[in-house]
Amino acid sequence: MMRQINKKTILLAGAAFALTASLSVGSAAAYFTTYATSEGTVPVKMGFTETVPHEEVTNGAKHITITNEGDYDCFVRVKVFSDVEVTYAGDDWEQRNNDGYWYYKPVLAADKTVPTSELTVTITYPDTGDTVKDPLKEFNVIVVQECTPVVYGEDGTPQPDWDHVYSTQAQ
Amino acid sequence: MRKKSFFLKPTLLFVAAGLLLLGSTVGSARAALSYYSDNYSAKLNLSSIGVTLLENGKEVSRQNYEDGAVVKTSELLTGLLADGENLTPGKTYENEKISVQNSGNIDTFVRVILTKSWKNADGTKNLELSPDLIQLTSGSGWMEDVNASTQERRIFYYQPVLKAGEATTNVVESLRIDPSITDEVNVIKEGNTIKYEYKYDGCTFSLEAEVNAVQTHNAQAAIKSAWGVDVTVNADETQIGL
Chain Z
-19 MMRQINKKTI
-9 LLAGAAFALT
1 ASLSVGSAAA
11 YFTTYATSEG
21 TVPVKMGFTE
31 TVPHEEVTNG
41 AKHITITNEG
51 DYDCFVRVKV
61 FSDVEVTYAG
71 DDWEQRNNDG
81 YWYYKPVLAA
91 DKTVPTSELT
101 VTITYPDTGD
111 TVKDPLKEFN
121 VIVVQECTPV
131 VYGEDGTPQP
141 DWDHVYSTQA
151 Q
Chain S
550 MRKKSFFLKP
560 TLLFVAAGLL
570 LLGSTVGSAR
580 AALSYYSDNY
590 SAKLNLSSIG
600 VTLLENGKEV
610 SRQNYEDGAV
620 VKTSELLTGL
630 LADGENLTPG
640 KTYENEKISV
650 QNSGNIDTFV
660 RVILTKSWKN
670 ADGTKNLELS
680 PDLIQLTSGS
690 GWMEDVNAST
700 QERRIFYYQP
710 VLKAGEATTN
720 VVESLRIDPS
730 ITDEVNVIKE
740 GNTIKYEYKY
750 DGCTFSLEAE
760 VNAVQTHNAQ
770 AAIKSAWGVD
780 VTVNADETQI
790 GL
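One line per chain: the protein sequences are Z and S, in this order.
Sequential numbering of the first sequence, starting at -19, is according to the numbering used here.
Sequential numbering of the second sequence, starting at 550, is according to the numbering used here.
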C-alpha cells in the first residue's frame, strides 16, 4: 500500500513539474523579439615621432632648425647648455615659465621637408682682458631638443603634453 | 388476405426508397452548385518584427522575419581610417556613427550592447590594456544602464518607441582612443641614437554592437522576458525608462 502511494505522489509531482515548466516556456515564446550583431577591428599602428635637429655654426652663432621625420605631428622645444653667455633670436620661438626652454609655437607637421623656422643662438665671447681674442679657444654649447607628439583634447584641438617628451642632443 | 399485405409493404418501401434516392440526388446537385460559386480573396497582413543595425546610415547587419537568421552585410569600423592613415590616439573620430532602424512592420523598443576589447599583434587577447581606453560618445534619446555596464561592455536603451520603418538617433556619435595609450614606451639604444617605440604599437581594438528589439505591446513583461531587465513603461507604451 505504501509503495503504491509513493508511486502516485512521485508521478503527480513529476506531472506538476512538467506542467509548470511547460507553462513558463510557453509565455517566453509568446513575444516578438529579434536581434542583429556586427563587429569590426582596427589595428593601432602608432609608429613614432622622430625629430632631427640641424645645426650650422656661422659668425659665432648656432643656427638651429628641426625636422619631424616621424609618423605624427608634434611640438618641439630646445634648451641650450653653455659655459658662455648666449642670446636667442627666432620667429615662432618663445620662452615660457622661465624653465630654460625655447618653445616652437606651431605644430611641427610630420613632413621632413618642412623644418621649423630658425632659432639663432649667438655666443657672446667672454672678455678675458686679452687684447686679441683667441680664435682657437673652445666653448661648449650643447643643444638639447625635445619633442612631444600632438595630443588631441576633448574638443579636437592639438595640445602638447610636455610630461611625455623624447629628446635628442647635439654638441 | 395475408398475401395482399405482404406485397403492399414492399411496394411502399420501394417507392419511399425511390423518393429518398431522388431527394439525395437533388441535394448533392445543390451542394455542387455552391462549391462552384464565386471565389473571394482576402489579404492577411501578418505582424512581423525586424531590426537593422546601421553604420553611418548604411546597413551592416539585420534580422527580419523573412530572414530567419542574422544577415551580416558588412563589418563595423571599415571606414574609420582613410587608406594609409594611421590611427591617432586622442583624436576624436566623428565618422563612426552607429544607429538602429526598425525594418519590421510593428513598433518596437530597442537596446544596443557595445562590447570593446583589445588584442595583441599576434591575435591573443590583451589583458593589460583597459577597454576604457576605447571611448564612445552616445547621442540623445539613449540611456545607459550604468549598473549593468562594465569597462568592456556598455548597454544603451533607446527610450522612445521605434516606429516601423524609422531609425534611432546615433547610439555611437564618435570614437576616440585615449591618448594615455602612448604613455608606455620601449626605449631602444642604438649607439648614440635613442629610439622610442610605443609599447602597444600593432595592437588591435575591436568593437562589437548587438541590437535587441522587442514588441511594444505588453512591453514591460515582454522586456522582462526577453532581456531579463525591469523597465518602466508609460501608459500609452511609447517610452521606456530604467
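What the hints contain is simulated information worked out from the structure, not anything from laboratory work.
Treat the hints loosely; a few may be bogus.
[Said to hold, decoys possible] Some, not all, of what chain S presents toward chain Z, calculated at C-beta under 7 Å:
| id | residue |
| --- | --- |
| 1 | V600 |
| 2 | R611 |
| 3 | T641 |
| 4 | Y747 |
| 5 | A771 |
| 6 | V778 |
| 7 | T787 |
| 8 | L791 |
The beta carbon of each residue, even a glycine, is placed where N, CA and C say it ideally should be.
Outcome of the hint check:
A hinted interface residue such as S:V600 counts as satisfied when its beta carbon comes closer than 7 Å to some beta carbon of chain Z; here the least separation is about 5 Å, so the hint holds. Hint status for S:R611: holds, given a least beta-carbon distance of 5 Å to chain Z, under 7 Å. Proximity of S:T641 to chain Z holds as hinted, the smallest CB-CB distance being about 5 Å (cut-off 7 Å). The interface hint given for S:Y747 holds, since its Cβ lies 4 Å from the closest Cβ of chain Z, which is under the 7 Å cut-off.
Interface restraint check: S:A771 against chain Z, minimum CB-CB distance 4 Å, threshold 7 Å, status holds. Nearest Cβ of chain Z to the Cβ of S:V778: about 13 Å, over the 7 Å cut. The hint is violated. Restraint check, S:T787 versus chain Z: the minimum CB separation of about 17 Å is more than 7 Å; hint violated. For the restraint placing S:L791 at the interface with chain Z, the shortest Cβ-Cβ distance is roughly 19 Å, beyond the 7 Å limit, so the hint is violated.
The structure is inconsistent with the numbered hints 6, 7, 8, although it conforms to all the rest.
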